[in-house]
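Chains as they are written, first to last, in my numbering: chain R, 2 to 75; chain C, 75 to 491.
Bear in mind the hints are in silico, worked out from the structure with no lab data behind them.
Each residue gets a CB set at the ideal place from its N, CA and C atoms; glycine is no exception.
Mixed in with the good hints there might be a few duds.
[Claimed, not checked] Some chain R residues near chain C, calculated using beta-carbon distances under 10 Å:
id, residue
1, E14
2, L15
3, A17
4, P18
5, P20
6, V22
7, R42
8, Q46
9, Q50
10, E65
11, N67
[To be verified] A few chain C positions that, by computed beta-carbon distances, are all more than 12 Å from chain R:
id, residue
12, L95
13, T156
14, I164
15, G189
16, A196
17, F200
18, I258
19, I315
20, D378
21, N436
22, I471
These are the residues of each chain, in order.
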Amino acid sequence: METKKEIILDVSELEAPYPLVEAINALNILKDNEILIFRHRMNPQMLYQNILALQLQFDITKEEENEFEMRIYK
Amino acid sequence: MFQGLTLDQAPPYTIPIKFYLTASLYLIVLSIITPIYTLHVYSRYDYEVIALTHIFTLGFITHIMFGSLFQMMPVMLSVAYTKVVKNAKIIYSFLNIGLSFFILGFLTNITYMLGLGGIFLAGIFFYFCFISLKTIFLSKEFNALVQNFIASFIALIFATAFGFTALLGHFGFVDSVKYGNIHIAFMLFGWVFILIMSVSYKIIPMFFVAKEFSLILQKRLYILQLILLLLFAYAQIQENIFMLTIIKILLSSCVILFAIFSIKILKQRKRARKDISVNLWYFAMSNTILSATLFIYASILHVDIYIFIGFLALFGGIYPLINAMLYKIIPFLTWFHLSSNMVFEAEMGNVIRKKWMTYQVNLYFLSFSLFLFVPFFHSFIIIAAAVFFFSAILLFINIVTALKYYNEYIKKKVVFE
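Looking at chain C on its own, in the form it has when it is part of the complex:
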């Protein structure tokens, strides 16, 4: 009976999958080199810490976000990137070339590599912002989702500009720490947080049969967040510590507010069934609340626990949330592409085996718990990274499984003469 979707604008299935597979490969690399480079680091300013953080943020998070946007933009906003195959190839290539130079530059302390990596990365981020904003403005709607998407790209433009400025500090031109802090704020509280909010507004009601987020939250929170970020930049440049502390508290409060609403909406969902993505979501939101609370505490009392906060926010908050989204988005995309090719036997629930998703997520939980012991027993980093290595391998295998499922079923495509 079901006679297919007619989304001609959708890019080929292989585009997002290539980004997702590469992202999981970076996780594997990260788990291998973490014990090698972090046994003797204690400050967030150490080059090794910066390199590893960027393998995670650019290697994993950025690949997932860019890959998803190429695919989800037509689904969510009914507008598609023009020349999507060509643009995806350009972005994928330059992102990886830039990232390689950038990471090697930090790990080997070779400055020209850092500079080259920075130029490639800044160029590709600005280019992605340009083509994305151009696409978003083609949308006939100006709903909350469109507004949030625009806000996240504005934050990304600022984050990239300040990141590149901070990099100049490594050549002695400016104060790296000052501009680095603004870069981190715009990246985390701006680009990543606002994009995660935007996608959550859509994904939670869509996949979990839950209520929608309040429209006030959807239409106001991103504005507040952007204003606070601009004030943060001003206060940081002026070195106004009091103002900075107040803004950090407000920024963190926005994050806590969103996390509490997410938990509340998920708790009230109509069909409360066991679901690995829901567990990951709760875990992510709990760690997000904890890390934001600790950030407020550290800002007020000037306690240097930023490595732990960073770990909690990135590895305990953002990572599981993305993992949860992937296990909803990948099966949906696989089904969607097969259906639009008139292959109707495909079932979303069979794209990735639940057992394997559970193994992967449980290994991640175990690895996260082991990492918590590292401040007390530094050698635990080896065991924690080893467990995460297997989790990352399983994530990679699960994505390959989805690709194989697609390849197997697409053979059944009916071609009409």
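Chain R on its own, in the form it takes in the complex:
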């Protein structure tokens, strides 16, 4: 299986709406061989529709108090 290049996006110290803006920017340029590791302090409810619209896949890898991590890929 091909190993995808990891791109880490940590928005956990940004206030709304910048986490969302940064995430959407990153999603729009995500390549086939890349995987976006998205870190935030909370579950980004508004991001899911963009993920679905771009037909991307996602796995939530951490969802605890003040810590959220999701892997997004094509």
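Given the coordinates of chain R, assemble chain C onto it according to the supplied hints.
Below, chain C alone, put in the same frame as chain R:
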């Protein structure tokens, strides 16, 4: 680079804004008629006091909450109201018709107006609960936020039912005071408090780069609050004074607990910058703690200071908190709607000018301070209300500014063929 949000479920921008503008108009009306009707009232049972309280709770608080829910439900729970434009129109119209009859009924003592107002209001509250619960249950998640939202609507159903029952007391059918007390408890400790908690759980970490509230608090406090409210209703109907006192202490303690956690979380936020909303939040939470403590004191010692407690809780606690939320939610919604229409030049920080927000909030602080002198110098009510009038006007202007900003930038919308 940023290529927009895809929240097709979001209702038109004008829906929440219409509710917010109307809410601020009610504040203007309230500041004008307060000196006229309160110069000679001293009890919370006076019809004038009930009328003015409902202008604030239904005219201001309810409009803000309903308007926000129409908009925030898709943002927070990823589910939207069906036929949102039609439903918003129905709710807005009947809420205002009902409120007008209700207030006029209390101020003029014309009973058929009271009855008509009560029927309209109860009908529209039940309808709003129905469509909201139906929407919430569409959510695939059953997280703390969903649970808290459901709990707040359950409290609203009880509050409305008991409020309508209390109204029947004005026609001589039941004991108005008994059912009125249950109505107030479910409204304040239930609907308003639980909804404020739910929204705070989301807004504080989102806008203030703060830690999340503990999950135990998020998942347990609303359950405790609902159980206590049901016991409160039982104790009040049974007229069990001892049980009532214990429950009042526990209900107030829950509120104090939440307020302390809010202050703690805000104090520990990662980017502690000067922010008018944070100041309002601290002020609101401090007054909430004070009013809940006084409520415990009054319940134990049976001291009648309920008008002051009510003033402190509503005008010192709930009002500044809603004001703080508005100054975060309105710029966010404006940016959000513009972005989802592919207008990317908009900046959240430019939607309402900071200087004008500060003027408005400072006038509110001044008015609150002046109201504190009213028990000693009754005529201070005129000066305090006059200052609040200007604060309410500024709030209205600030919301209009956001609307104008939106209208100006939406012209730049790019339409793809």
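Going through the hints against the structure:
| no. | hint | in the structure |
| --- | --- | --- |
| 1 | E14 | 6 Å, holds |
| 2 | L15 | 7 Å, holds |
| 3 | A17 | 5 Å, holds |
| 4 | P18 | 6 Å, holds |
| 5 | P20 | 9 Å, holds |
| 6 | V22 | 5 Å, holds |
| 7 | R42 | 6 Å, holds |
| 8 | Q46 | 6 Å, holds |
| 9 | Q50 | 5 Å, holds |
| 10 | E65 | 9 Å, holds |
| 11 | N67 | 5 Å, holds |
| 12 | L95 | 23 Å, holds |
| 13 | T156 | 17 Å, holds |
| 14 | I164 | 27 Å, holds |
| 15 | G189 | 43 Å, holds |
| 16 | A196 | 33 Å, holds |
| 17 | F200 | 28 Å, holds |
| 18 | I258 | 33 Å, holds |
| 19 | I315 | 41 Å, holds |
| 20 | D378 | 43 Å, holds |
| 21 | N436 | 24 Å, holds |
| 22 | I471 | 24 Å, holds |
Consistency with the previously given hints is maintained throughout, with no hint failing.
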